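Next come the chains, spelled out residue by residue.
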Amino acid sequence: MSRSVKKGPCVDEKLMNKVMKQKDSGQKEPIKTWARSCTVVPEFVGHTFLIHNGKIFQKLFVAEDMVGHKLGEFSPTRIFRGHGGIKKKEMKALGR
Amino acid sequence: MPRIAGIDIPADKPIFISLTYIYGIGRTLSKKILKELNIDENLRAKNLHDDQLSALGAYIEKNYVVEGYLRRQENQNIALLKNIGSYRGLRHKMGLPVRGQRTSTNARTRKGKRRTVAGKKETPKG
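Residue numbers (this note's numbering), protein chains in the order written: chain A, 1 to 96; chain B, 1 to 126.
Hints listed in this document are in silico derivations from the structure and should not be mistaken for laboratory results. Just so we're clear, the structure is a prediction, and the values are computed from it rather than from any experiment. Take these hints with a grain of salt, some might be off.
Claimed, not checked - Some but not every residue of chain A turned toward chain B, in silico, with C-beta under 10 Å:
hint	residue
1	Ser37
2	Val41
3	Pro42
4	Gly46
5	Phe57
6	Leu60
7	Lys70
8	Phe74
9	Thr77
Said to hold, decoys possible - Far from chain B, by Cβ distances over 10 Å, these chain A residues were calculated:
hint	residue
10	Pro9
11	Gln27
12	Lys28
13	Lys32
14	His69
15	His83
Quick reminder that beta carbons are idealized off the backbone N, C-alpha and C, glycines included.
Next comes chain B alone, as it looks inside the complex:
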């Protein structure tokens, strides 16, 4: 299994799919990178030459922020919002949606599993 950009080990899928296993690279970016390096995107990752692999690794490292660095960057951005006391930072702290979505219902991704409140009555409709 080939290694690209540190720890990632994409398998025997087409190379443009394999690349998306790297955090920070989606399909669009993956295809763009392969076009830039003149590598056939439908080649299997195992059929790539070593120099093609190293070229990919070097190119990604040089031009894009991926994996740990990207995660750190994201966390820093959130920490900044929290530090300056902005509304978005507050929402991050409270674990609620940040971009103005409704929270009366839904928003389960941010709020986590439902916690049933005992004795709470159904809100009447209409």
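Extracted from the complex, chain A is given alone in its bound form:
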């Protein structure tokens, strides 16, 4: 079910304040944030964020197309290193 329109987009207030501050002062430094559930609003476009993924902060430069998605969508929490399987075993056997 989608979010009620009445509420407006879910935007982290503190994060929004920081973006606005940067807008006023004109500087653009990456903003560190844990607010993965925060929606990307048009004000964010052109700013850089460091989004926590549970371990590290992943850098994201917000483009216009990203508006409407959540910040967390751009900072994957799992890394798939591939299934080991036969290839790895063969490599090991050859190495020995």
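Could you slot chain B onto chain A? The hints should help.
Below, chain B alone, put in the same frame as chain A:
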């Protein structure tokens, strides 16, 4: 066989079924369209007048996205998700379920036929 919306050639079924042969039109939309144009939905497609057919074609083309255009639109939406590097885009790239379904078992529609991994032991239960 009548032609509606480009390439589609529905046969001698009731017209509301025939219309669902067009990509992008299901039963609900089909009935809605026929009601809008005041055509009896149970008429066979072959018994429709030429002007009714052309009216259908024009109405569908004007108001709905179907067939090739719809397919292109879908592909564009997916390409956009991939380009911005969102989680959904990643799932599309990997060919895994996009909407949070489990992948430990099932998910065969996205993953395709089972590939047996040699030497893999059954996971113990409990």
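Tested hints:
1. Ser37: Cβ of Ser37 (chain A) sits 13 Å from chain B, so the hint is violated.
2. Val41: violated, 15 Å
3. Pro42: violated, 15 Å
4. Gly46: Given a least distance of 15 Å, the restraint on Gly46 (chain A) is violated.
5. Phe57: violated, 16 Å
6. Leu60: holds, 8 Å
7. Lys70: Result: holds, 9 Å to nearest chain B Cβ.
8. Phe74: holds, 6 Å
9. Thr77: holds, 9 Å
10. Pro9: Nearest chain B Cβ is 16 Å from Pro9 (chain A), so the label holds.
11. Gln27: holds, 25 Å
12. Lys28: holds, 20 Å
13. Lys32: Check passes; 19 Å lies beyond 10 Å.
14. His69: Contrary to the label, His69 (chain A) does not stay out of reach of chain B, its closest Cβ about 6 Å off (not over 10 Å).
15. His83: violated, 7 Å
Hints 1, 2, 3, 4, 5, 14 and 15 from the earlier list are contradicted by this structure; the remaining hints agree with it.
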